[in-house]
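Each chain, written out:
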Amino acid sequence: MKSYMGIDVGSVSINIVLIDEHCQVRDAVYLRTQGQPIKTLQKGLKEMASRLPGSTQIKGVGTTGSGRHLAGVILGADAIKNEITTHAVAASHLVPGVQTILEIGGQDSKIILLRNNVVSDFAMNTVCAAGTGSFLDQQAGRLNIKIEDFGPIALKASTPVRIAGRCAVFAESDMIHKQQIGCDISDILAGLCEALVRNYLNNLGKGKEILAPVVFQGGVAANLGMIKAFEQALNLPVQIPPHYNVMGAVGAALLAREAVKKSLSSRFKGFNVVDINYRAGGFECSGCANCCEVIEIRKNEEIIARWGDRCGKWSTALNNDLNTEEKIS
Amino acid sequence: MKVTFPHMGYMWVCLKAMLEYLDVEVVVPPPTSKKTLTLGTKHASEFACLPLKLNLGNFIEAYELGAEAILMAGGCGPCRFGYYAYVQKEILNDLQYNYNLIVLEPPEKHISEFLIKVKQLTGSKSWYQVIKAIRFGYLKAKAVDEMEKISLKSRPRELNTGSTDLAFKLALAEIDRAGTTDDLAVALVKAREIMSSVILDNHRSVIKIGLVGEIYTLLDPFSNQNIEKHLGKMGVEVDRSIYLSEWVNDHLFMGLVKNVRSREEACRASRPYLNHFVGGHGEETIGNTVLYAKNGYDGVIQLLPFTCMPEIVAQSILPGVCTDHNISVMSLILDEQSGEAGIITRLEAFVDLLNRKKEQREAVTA
Ligand code: SF4
Numbered sequence: 001m002k003s004y005m006g007i008d009v010g011s012v013s014i015n016i017v018l019i020d021e022h023c024q025v026r027d028a029v030y031l032r033t034q035g036q037p038i039k040t041l042q043k044g045l046k047e048m049a050s051r052l053p054g055s056t057q058i059k060g061v062g063t064t065g066s067g068r069h070l071a072g073v074i075l076g077a078d079a080i081k082n083e084i085t086t087h088a089v090a091a092s093h094l095v096p097g098v099q100t101i102l103e104i105g106g107q108d109s110k111i112i113l114l115r116n117n118v119v120s121d122f123a124m125n126t127v128c129a130a131g132t133g134s135f136l137d138q139q140a141g142r143l144n145i146k147i148e149d150f151g152p153i154a155l156k157a158s159t160p161v162r163i164a165g166r167c168a169v170f171a172e173s174d175m176i177h178k179q180q181i182g183c184d185i186s187d188i189l190a191g192l193c194e195a196l197v198r199n200y201l202n203n204l205g206k207g208k209e210i211l212a213p214v215v216f217q218g219g220v221a222a223n224l225g226m227i228k229a230f231e232q233a234l235n236l237p238v239q240i241p242p243h244y245n246v247m248g249a250v251g252a253a254l255l256a257r258e259a260v261k262k263s264l265s266s267r268f269k270g271f272n273v274v275d276i277n278y279r280a281g282g283f284e285c286s287g288c289a290n291c292c293e294v295i296e297i298r299k300n301e302e303i304i305a306r307w308g309d310r311c312g313k314w315s316t317a318l319n320n321d322l323n324t325e326e327k328i329s
Numbered sequence: 001m002k003v004t005f006p007h008m009g010y011m012w013v014c015l016k017a018m019l020e021y022l023d024v025e026v027v028v029p030p031p032t033s034k035k036t037l038t039l040g041t042k043h044a045s046e047f048a049c050l051p052l053k054l055n056l057g058n059f060i061e062a063y064e065l066g067a068e069a070i071l072m073a074g075g076c077g078p079c080r081f082g083y084y085a086y087v088q089k090e091i092l093n094d095l096q097y098n099y100n101l102i103v104l105e106p107p108e109k110h111i112s113e114f115l116i117k118v119k120q121l122t123g124s125k126s127w128y129q130v131i132k133a134i135r136f137g138y139l140k141a142k143a144v145d146e147m148e149k150i151s152l153k154s155r156p157r158e159l160n161t162g163s164t165d166l167a168f169k170l171a172l173a174e175i176d177r178a179g180t181t182d183d184l185a186v187a188l189v190k191a192r193e194i195m196s197s198v199i200l201d202n203h204r205s206v207i208k209i210g211l212v213g214e215i216y217t218l219l220d221p222f223s224n225q226n227i228e229k230h231l232g233k234m235g236v237e238v239d240r241s242i243y244l245s246e247w248v249n250d251h252l253f254m255g256l257v258k259n260v261r262s263r264e265e266a267c268r269a270s271r272p273y274l275n276h277f278v279g280g281h282g283e284e285t286i287g288n289t290v291l292y293a294k295n296g297y298d299g300v301i302q303l304l305p306f307t308c309m310p311e312i313v314a315q316s317i318l319p320g321v322c323t324d325h326n327i328s329v330m331s332l333i334l335d336e337q338s339g340e341a342g343i344i345t346r347l348e349a350f351v352d353l354l355n356r357k358k359e360q361r362e363a364v365t366a
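Chains as they are written, first to last, in my numbering: chain X, 1 to 329; chain Y, 1 to 366.
Derived from the structure by calculation, the hints contain no laboratory data. This list has only true hints and no planted wrong ones.
Derived BS3-like pairs: lysine-lysine, alpha-carbon spacing no greater than 30 Å straight-line: (1) X:208 x Y:358; (2) Y:117 x Y:16; (3) X:39 x X:313; (4) Y:16 x X:313; (5) Y:358 x X:262; (6) Y:357 x X:208; (7) X:39 x X:269; (8) Y:149 x X:313; (9) Y:358 x Y:294; (10) X:261 x Y:358; (11) Y:294 x X:206; (12) X:313 x Y:42; (13) X:156 x X:178; (14) X:313 x Y:35; (15) X:59 x X:46; (16) X:313 x Y:190; (17) Y:208 x X:313; (18) Y:208 x X:206; (19) X:261 x Y:357; (20) X:313 x Y:153; (21) Y:34 x X:313; (22) Y:357 x X:262; (23) X:262 x Y:208.
Chain X stretches covered by chain Y per the calculated footprint, using a threshold of three residues with CB under 8 Å from any CB of chain Y: (24) 83–97; (25) 111–123; (26) 199–213; (27) 289–303.
This structure is a prediction, so every number in the text was calculated from the model and none was measured. Ideal Cβ placement from N, Cα and C applies to all residues, glycine included.
Chain Y on its own, in the form it takes in the complex:
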């Protein structure tokens, strides 16, 4: 059975690694593109949010490459995401794409629930192998995240525009190619080398912006119109509040891996403003904004898909957080529009604003 899954940033590297480790055949959907979006919007309800439309497009494109089963995350709570897997399956059925659906519900209490789900996929493999495969996937996610973090630091400082993007592409290919844990260790060394070959101007003054918001739009460059690249080129060092490996540890491993940034901290920081689970990443959005303010960031940008409920709740709370912590926040609502110009205008104006503030602050302290 050939298995596919939706794109969410570079998640494919880690899922592909885990499944192939278990000898499951994988069809990685073609990179999300305008065509994916067109397919998705054509067949989804107009009021569904962007992630659903893009997932659907991914599945249709993967089907044409021979995929037979979908591996998709589930969920519960106020966010609609929990039923997306089933809605997508129904839409695909109507289109006569005969897919099997495997939904990975996040475990309620213990990681064993998650293990059982993964084992369903592979049948004959031993528990030991399943655990090793999951670990391998997780290590890949960590490796990719590390490269992403390096790229966020180097992009605003690169001497030759585009050199970071190029290095990242090569580094990612190294990591993707590794087939065993040992290979991965070697690949990681190479990947780090590639990333550090980008020539930087370390004296350049940069401003720092934290990205908060809904996980899909945070992780997926197609859906957020490449916001990290645009900001980087405008001389902004970006920090993203969620990385795939952190999310996996929080939600699938139930925090098993220690010394990793976890949602707990963000949720604690959100308490004076919001002390109820609102679904999605609403609490993290508030909490991380507070944390960025405390850590001296110049500004915060919230990303959310149009009609995303948890993030709308957070958005309505953010003005109060801004006043209390004296930090500028801008919300960008993303939908299927392809007008990059509007986004760039806003980003540029926001960066102008932060730069002026920084100059003022430095003039005062100097």
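Just chain X, with the same shape it has in the complex:
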């Protein structure tokens, strides 16, 4: 079976998916990074390799997410692409004709608008905690509710309470207040979903024309309360695609397939990278007052990639073709 692998290396998790020649998702691996992206990546690859049928041929590899360069260098990726593009590619493949993508992950959220299957606008939020999945996780934890139960409980709400949603700090103290005056827990949870949706639409959706079909993806799309809150706020049906939580990886795999079609051969270094000793290290350059944090990837003891220097003194000193900016981003 000819297949393509897509890998999304985020700050908290790594997703690896495998698609076949017909772009069907065959397998997916999810792992928490726990601050060790390279080890986790190798672990994930090992797991993926052990699950593959013997006839599998990896024809191409794509990476995305904030760790895309790192993973790309280690694996020999054919496509290294940003999250916006990969999410859009995956959504328009799985839901043909999609015009709006709402994406909420653990650490960031984005909105992507497509017209005629091409991204026409986007916005991305990475600094506001009130607009992300980890805030929901945190609040569920504080209320002693398992995140899986969050949605079903929120759906039982009769009159959702209004919670200030602009800022995570205010939202939390508002919730505590509503709890203290004895509001029903389901009403609070539903109110929290509404606040998050309001925050999301105000921050990211401002001035943007949100048209159907609307797709909601990212980890938070599992939450039924959030789906309902979006449908009410937009007055539009919201679809959850299959593989909603690994869309970045799916997009990366699709882009790898496209790239290999053009280049005709893959740069993938093979699964034996799981046994090689890679180390991401770094140092603060003291060459000037910029004190750049230079990142280095070592394969055994050999340095195979470097980036992070403003002046190019370190990255250009390595004479392989992987450290030019064009290829890295």
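Fit chain Y with the ligand to the supplied structure of chain X, relying on the hints for placement.
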């Protein structure tokens, strides 16, 4: 009295030239760096915008090199910038840096107000010399701007990554070294030669992006995370809506030099959307976006420091401009964060978007 001033891109070349021409001793602050930022954020209010923090850092670093007086621009109107000079001075006082402060308020009506301010610095020099010095500084600003413009054209087309940056550095040094108007003319010829030695691929297809927004973040590469370099390397020809020499002509010379791009045009273009002065460069941001759209640019990026009021006003108006003129605009808000990765992700996604649109357009017309 040793005089220093804040960094704003390559403004130091022009101020240094003007002051040294008048025999004023100059301390150019060390290039803005992470250390500058750390010093500035440590001592400024958290809610001040990035330019204030960086200026403050510049002053602290310059003081350690022996600077005794600060030359700083003033201002009026809704933007907070007008009182920054005084706030900075107070903070420095608290830190027991004993600085003299000279504020150059932009003239209200006539260039003579500006001349009087500059003359305060030099005392004994004649009016004639003061005028000549200002002219010399202005010519340097123009020369630097010219090199910057060339670099914006050559970066997306260079065959060897980094060759433009290297040439620019050398060209800048030539211009900086010139001590008289005659020297400068010679230096300019050399600088042009250096810039044209970069090997280009002129058939490469590039997209064009205009940069609009707040002047400091537009002009200062440290504050905007080197956006022009990143875009250039992604194959984008950038046009910046404001250059130092244009700003000087508009605000200090009151438009005295003719045939220079001026804010008037941008302000006129902003009229259907905004017809009130909102401070800073709010009107120019709107107007220049309209002009870029009309001139066939593929996209526009707005740069603003976090909490910058005039630019927030402009930002809220931009979606309407985009729809009317069918152009894509992305706003980047800059603060003391050093996460270049987030900015690059956005830039790359934006460039992807514009490239796809361009391909589509070309497919239709072909
Ligand atoms: S225009 Fe913006 S950046 Fe400039 S001083 Fe005012 S608030 Fe600060």
